[in-house]
Amino acid sequence: MAVKKELLTGNDVVLKAALLAGAEYFAGYPITPSTEIMNGWAKEAADNPKLLFLQTEDETSAGMAVIGGLLAGKKTWTVTSGVGHILIQDPLVLAETLSLPFVMYVGQRGGPSTGTVIYSQQELNLARYGGNSEGLRVVYAPSNIQELFEITQKAFNTAWRYRLPTIILGDGYLTKTLSPVDTSRVIPAEKAEAIFLNKDVKNLRNCFSREDELAEHLNILFAKYAAASRQIVESESYKTNDAKIVIFAWGTVGFAAKVAVANLRKQNKRVGLFRPITMRPFDDRGAIKAVQKADKILIAESSGGQFGRIVRETLTQATDAEYVRLYKPAEGITSEEIEAKIKEIY
Amino acid sequence: MLKREMYKILIAGEGGQGIQSMAHILAKAAYESGLNVSYLPNYGVEQRGGVSLGFIQFGKGPIGFPKFAKADLLVVLCDRAIERTKPYVQKETLYLYDTDLISSINLAEIRAEKLPIPATSVASAKLEPKVFNIVLLGAITAELGIINIKMVEKALTENFADKYILKPQLKNLNLKALDLGQRLAQEGYKNDK
Chain A
1 MAVKKELLTG NDVVLKAALL AGAEYFAGYP ITPSTEIMNG WAKEAADNPK LLFLQTEDET
61 SAGMAVIGGL LAGKKTWTVT SGVGHILIQD PLVLAETLSL PFVMYVGQRG GPSTGTVIYS
121 QQELNLARYG GNSEGLRVVY APSNIQELFE ITQKAFNTAW RYRLPTIILG DGYLTKTLSP
181 VDTSRVIPAE KAEAIFLNKD VKNLRNCFSR EDELAEHLNI LFAKYAAASR QIVESESYKT
241 NDAKIVIFAW GTVGFAAKVA VANLRKQNKR VGLFRPITMR PFDDRGAIKA VQKADKILIA
301 ESSGGQFGRI VRETLTQATD AEYVRLYKPA EGITSEEIEA KIKEIY
Chain R
347 MLKREMYKIL IAGEGGQGIQ SMAHILAKAA YESGLNVSYL PNYGVEQRGG VSLGFIQFGK
407 GPIGFPKFAK ADLLVVLCDR AIERTKPYVQ KETLYLYDTD LISSINLAEI RAEKLPIPAT
467 SVASAKLEPK VFNIVLLGAI TAELGIINIK MVEKALTENF ADKYILKPQL KNLNLKALDL
527 GQRLAQEGYK NDK
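Residue numbers (this note's numbering), protein chains in the order written: chain A, 1 to 346; chain R, 347 to 539.
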């Protein structure tokens with residue numbers, strides 16, 4: 001298909017992608033920086049009787065309404081941020097134990113608590129393991145607006161294909177930015193079905209009377225998750241083959257790092273980037289392969305080390321490289337800053 | 347006039363001064379002029395009444411991150427924004443400000459080429475005070491030779507289309523303000539630094 005460029009915000013893009021993916025029902029509660037997505041859906045639903053919309057009284061009930069929509073076989077989704085992301089973990093872990101395709105876009109903002117309203121990378125732990133979760137969920141991290149368009153569509157497919165709650169973990173920089181997007185990149189949508197209402201499913205349980213019963217249930221879920229993970233896991237290794245410094249960064253910062261690497265390569269600096277696209281499952285093998293020639297690893301993130309802990313745990317046995325931290329909790333990190341940091345340690 | 351491969355522009359002022367409208371119009375006009383573009387609005391919890399920032403980038407090349415470290419053109423509309431935007435100033439930065447909203451004494455520490463524009467007083471004398479921001483937009487466009495003024499006019503009209511329905515006379519007022527701003531910048535109010 002021919003390239004079709006449109007000037008859009010990331011919020012427009014999430015909405016557009018969800019509609020292309022066949023979303024039918026949205027239940028949510030407004031919160032900056034993601035409110036525009038809900039407003040956009042409300043407008044669409046006002047014009048299109050096939051689209052359902054419910055604004056609930058908070059994010060806990062929004063998540064529960066999503067579960068209701070999914071049980072009825074509707075492609076249901078929601079959007080939240082910050083403290084709303086905390087509240088919605090309760091219904092999200094319910095979706096985990098019931099294996100429901102709960103799709104949610106999260107626009108990270110600063111924390112703890114109300115924090116700031118536009119940006120951070122501080123909701124990574126929460127997205128991966130929030131609530132009393134065993135991590136039976138998929139977390140995608142788009143790094144720019146084009147990827148946001150494609151990954152949002154893909155998230156619906158992943159959720160419905162593998163029956164896993166799926167989060168698209170973005171931030172307000174990503175969704176408030178206005179820039180051209182190629183909207184011809186449409187991915188065929190997975191079909192939704194009311195499997196939860198068919199004859200085979202007698203009872204969906206989130207409560208078990210015996211420990212061994214729950215253990216058995218979980219072991220089945222873990223096995224399914226492990227098998228699905230191999231299909232789902234994604235990462236980008238950019239110019240890592242001969243890199244003596246490998247940057248580890250994700251999401252918006254991942255894109256800043258890629259721009260920095262491209263510039264540094266022009267100056268003959270052997271620098272590369274490892275950028276996870278799924279934050280869970282995490283591409284351990286890809287990460288280990290990326291650092292084979294590295295004697296330094298630069299971890300850049302807009303949090304106090306949530307990502308760094310994953311990186312160090314993953315690479316423990318794989319490298320003796322020295323870790324350098326560029327942690328800027330709650331603040332953005334530009335390409336220029338990453339470039340300057342690399343020059344300082346090169 | 348600024349000549350760059352890629353332009354990085356930061357507009358800063360109080361919430362309610364029309365910072366985001368200016369930035370949005372500029373970004374749209376750049377896109378319609380055939381350029382690659384990125385515009386990121388940035389503000390705090392105190393959305394109305396706090397310092398509001400608009401990060402705009404455009405040019406023929408690819409654009410990386412939506413935020414940048416240093417601005418090519420900085421447009422400052424209130425005293426509070428001077429301190430807030432200090433990290434984005436470098437000596438190559440063109441520092442455009444409204445002389446009626448900012449006193450040059452407060453800019454003593456700013457080491458950059460300055461372009462003072464008396465937007466508010468000129469808008470008040472010749473048009474209406476409220477269009478001072480459109481006057482500034484005209485001045486910005488004049489400094490950025492790369493953006494087609496027709497596209498700014500188009501984006502401006504699109505941006506305020508809803509308001510024009512109720513008050514059709516606003517359209518002409520805005521277009522006049524844009525023209526006035528361009529002339530102000532061209533006629534040269536350049537300071538001797």
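Heads up, a few of these hints could be off.
The calculated lysine-lysine pairs, modelled on PhoX-like cross-linking and capped at a C-alpha distance of 25 Å, are [unchecked claim]: (1) Lys341/A / Lys416/R; (2) Lys43/A / Lys472/R; (3) Lys476/R / Lys328/A; (4) Lys343/A / Lys239/A; (5) Lys5/A / Lys460/R; (6) Lys476/R / Lys509/R; (7) Lys522/R / Lys472/R; (8) Lys496/R / Lys4/A; (9) Lys496/R / Lys522/R; (10) Lys509/R / Lys460/R; (11) Lys343/A / Lys513/R; (12) Lys496/R / Lys513/R; (13) Lys416/R / Lys269/A; (14) Lys5/A / Lys416/R; (15) Lys522/R / Lys500/R; (16) Lys416/R / Lys328/A.
Since the hints were made in silico from the structure, they are not lab data.
Starting from Lys509/R, check that the Cα of Lys460/R is at most 25 Å away, please. violated, 34 Å
Would you check the hint for Lys343/A and Lys239/A, treating anything up to 25 Å between C-alpha atoms as holding? holds, 17 Å
Take a quick look at whether Lys476/R and Lys328/A sit within 25 Å of each other, Cα to Cα. Violated - the C-alpha atoms of Lys328/A and Lys476/R are around 39 Å apart, more than 25 Å.
Satisfaction of hint between Lys472/R and Lys522/R, Cα-Cα up to 25 Å: At roughly 10 Å apart (the allowed maximum being 25 Å), Lys472/R and Lys522/R satisfy the hint.
Straight-line Cα separation of Lys341/A and Lys416/R no greater than 25 Å? Distance ~16 Å between Lys341/A and Lys416/R Cα, so the pair holds.
Are the Cα atoms of Lys416/R and Lys269/A separated by 25 Å or less? holds, 23 Å
25 Å limit on alpha-carbon distance, applied to hinted pair Lys476/R and Lys509/R: holds, 14 Å
Holds or violated: Lys522/R with Lys500/R, Cα cutoff 25 Å? holds, 14 Å
Against the 25 Å threshold, does the CA-CA distance of Lys496/R and Lys513/R hold or violate the hint? holds, 22 Å
Straight-line alpha-carbon gap Lys496/R to Lys522/R, limit 25 Å: holds, 13 Å
Given the hinted pair Lys496/R and Lys4/A, is their alpha-carbon gap at most 25 Å? holds, 24 Å
Taking only the CA atoms, is the gap from Lys5/A to Lys416/R under or equal to 25 Å? violated, 28 Å
Hints 2, 3, 5, 10, 11 and 14, counting from the list given before, are not met by this structure.
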